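Residue-level listing of the chains:
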Amino acid sequence: NAGVTQTPKFQVLKTGQSMTLQCAQDMNHNSMYWYRQDPGMGLRLIYYSASEGTTDKGEVPNGYNVSRLNKREFSLRLESAAPSQTSVYFCASIQPGVGEQYFGPGTRLTVT
Amino acid sequence: AQSVAQPEDQVNVAEGNPLTVKCTYSVSGNPYLFWYVQYPNRGLQFLLKYITGDNLVKGSYGFEAEFNKSQTSFHLKKPSALVSDSALYFCAVRDMGGTGRRALTFGSGTRLQVQP
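Which chain is which? The protein sequence lines are B and U, in order.
The numbering used here numbers the first residue of the first sequence as 1 and each following residue consecutively.
The numbering used here numbers the first residue of the second sequence as 113 and each following residue consecutively.
If we strip away everything but chain U, and leave its shape as in the complex, we get (with noise of 0.2 Å):
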C-alpha cells in the first residue's frame, strides 16, 4: 500500500526568509506526487504536481517542489515566505492501483505560519 508521511504537524518562519516542508512517501513504482494548501474554511487548492522529467517543479504563488528518489522526498519550497502563506499544506501521491481509480493518498497536513 502507499503511504504519504510529512513529518512536521507545523512549520514556523518569519517573513522573507525560505520556508521547508517536508513530505516523504512509500509507493511501488513511480510515482505521482502533488502539493495542495487549504486556507481556513476552504476546500484544497493544486499548487504542483511531479509527473516525471526534471526533478524541481515549479508551481502556484512562486512554490517548487523537489523530487529525489533515492531519499523518497518530495519537499515544497519558496525562496521567501509571505504572511498570505500560512496555511495547512498536504502532500499527497496518486493511487496507481486498480482501473479508474486514481484517488489520492495524503499526509496528515502541515501547517505554515509565517512570521511578520
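Isolated chain B (complex conformation) (with noise of 0.2 Å):
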C-alpha cells in the first residue's frame, strides 16, 4: 500500500514553459485535491475532485488546469509556469466520512 504518489519529486522549469505534476493513491478514496505550500503561509487549496469525472476551484485555482483521469489518479497541469508558482505543492486523498486527508510526499518547483 503506497499511499499517496507524486512524480516527479523536483522540477525546474523556465517562465512560460508548461509541465504536469502527477498524483496517484491506492485506497480508494472518492476525494482528492491538490494544495500549494508557500512558507509563512501553510498549505492553501488549488483544486479539488469530490469524485471521478468532477473537477472544482479551490482558493487559488489561477494559472493551473486540473484532470481527474479516474479514480487513483489526479494530475495538475501548469500551462505556462510563472515564478510566483514557484512552491511545494502537495496532492492528498481523503476516506470517507470525517476521516483525515493523506498527504503525498510533495513536488517542489523553481520556476525561473
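Read the hints as simulated data drawn from the structure, not as lab findings.
Watch out, some of these pointers could steer you wrong.
[Claimed, not checked] Stretch by stretch, here's where chain B covers chain U in the computed footprint (C-beta under 8 Å, at least three residues):
no., stretch
1, 157 to 171
2, 176 to 184
[Stated by the list, open to error] Under the rule of at most 30 Å between Cα atoms (straight-line distance), these lysine-lysine pairs were calculated in the BS3-like manner:
no., chain 1, residue 1, chain 2, residue 2
3, U, K181, U, K170
4, U, K161, B, K57
5, U, K161, B, K9
6, U, K189, U, K161
7, U, K161, U, K181
8, U, K161, B, K71
Because the structure is a prediction, the values reported are computed rather than measured.
Just so you know, even glycine gets a beta-carbon here, dropped at the ideal spot from N, CA and C.
Two chains, each in its own frame: build the complex with the hints.
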C-alpha cells in the first residue's frame, strides 16, 4: 500500500514552460486535492475533485488546470509557468466520512 | 469563511519539558479540527483530530490536543518533548461548506525546536 504518490519530486522550469504534476492514490478514496505550500502561509487549496469525473476550484486556481483521469489519478497542469508558481505542491486524498486527509511527499517546483 | 490562526511562528522548548503549540479557529457550526506534522522535505503526517466528544484528544507519538469551544482553541500538547519532535506543525479545520468539498483550511504553521 503506497498511499499517495507524486511525480516528479523536483522540477525547475523557465517562465512560460508547461508541465504536469502527477498524483496517484491506492486507497480507493473518492476525493482528491491539490495544495501549494509557501513559507509562512500554510497550505492553500488549488483544486479538488470530490469524485471521479468532477473537479472544482479552490482558493488559488489561477494559472492551473486539473484532470481527474480515473479514481486513482489526479493531475495538476501549469500551462505557462510563472515565478509566482514557485512552491511546494502537495496532493492529498481523503477517506469517506470524517477521516483525515493523506498527503503525498510533495513536488518542489522552481520557476526561473 | 473559516480560518485558523497559529500565533507563534516558532516555539522553543528543552528536551523533557512539556510543550504547547497554540491554535485558534473560526468557523460557523461545529468544527472538525486536525493537527499535522511536517518533517524536513517530507509530506504532512496526521497526528490527531477532534470531531466530537471528549475535549482531550490523544494522537500519535504521545501528542494530545485540548479542544476548548468557549475559547475557540485547539492547542497541541505533549508532556515531555523529544529532540525528534522538532518539526513544523500545522493546525487545520475541515471545510464544511458545499457538497463533497471537505478540504482543509490550514494555519500558517509553527516550527517546534526542541533543544537537547
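Hints and how they fare:
Counting residues of the stretch 157 to 171 of chain U whose beta carbon lies closer than 8 Å to any beta carbon of chain B gives 4, which reaches the threshold of three, so the coverage claim holds. With 0 residues carrying a beta carbon less than 8 Å from a beta carbon of chain B, the stretch 176 to 184 of chain U misses the three-residue requirement, and the given coverage is violated. For the hint linking U:K181 to U:K170, the alpha-carbon distance of about 17 Å falls within 30 Å, and the restraint holds. This hinted pair checks out: U:K161 and B:K57 have alpha carbons roughly 25 Å apart, not beyond 30 Å.
Pair hint U:K161 plus B:K9 holds up; C-alpha atoms about 28 Å apart against a cutoff of 30 Å. At roughly 13 Å between alpha-carbon atoms, U:K189 and U:K161 fall within 30 Å of each other, so this suggested pair holds. For the proposed pair U:K161 and U:K181, the alpha carbon gap of about 15 Å is at most 30 Å, so the pair holds. This hinted pair checks out: U:K161 and B:K71 have alpha carbons roughly 26 Å apart, not beyond 30 Å.
The structure is inconsistent with hint 2 alone, although it conforms to all the rest.
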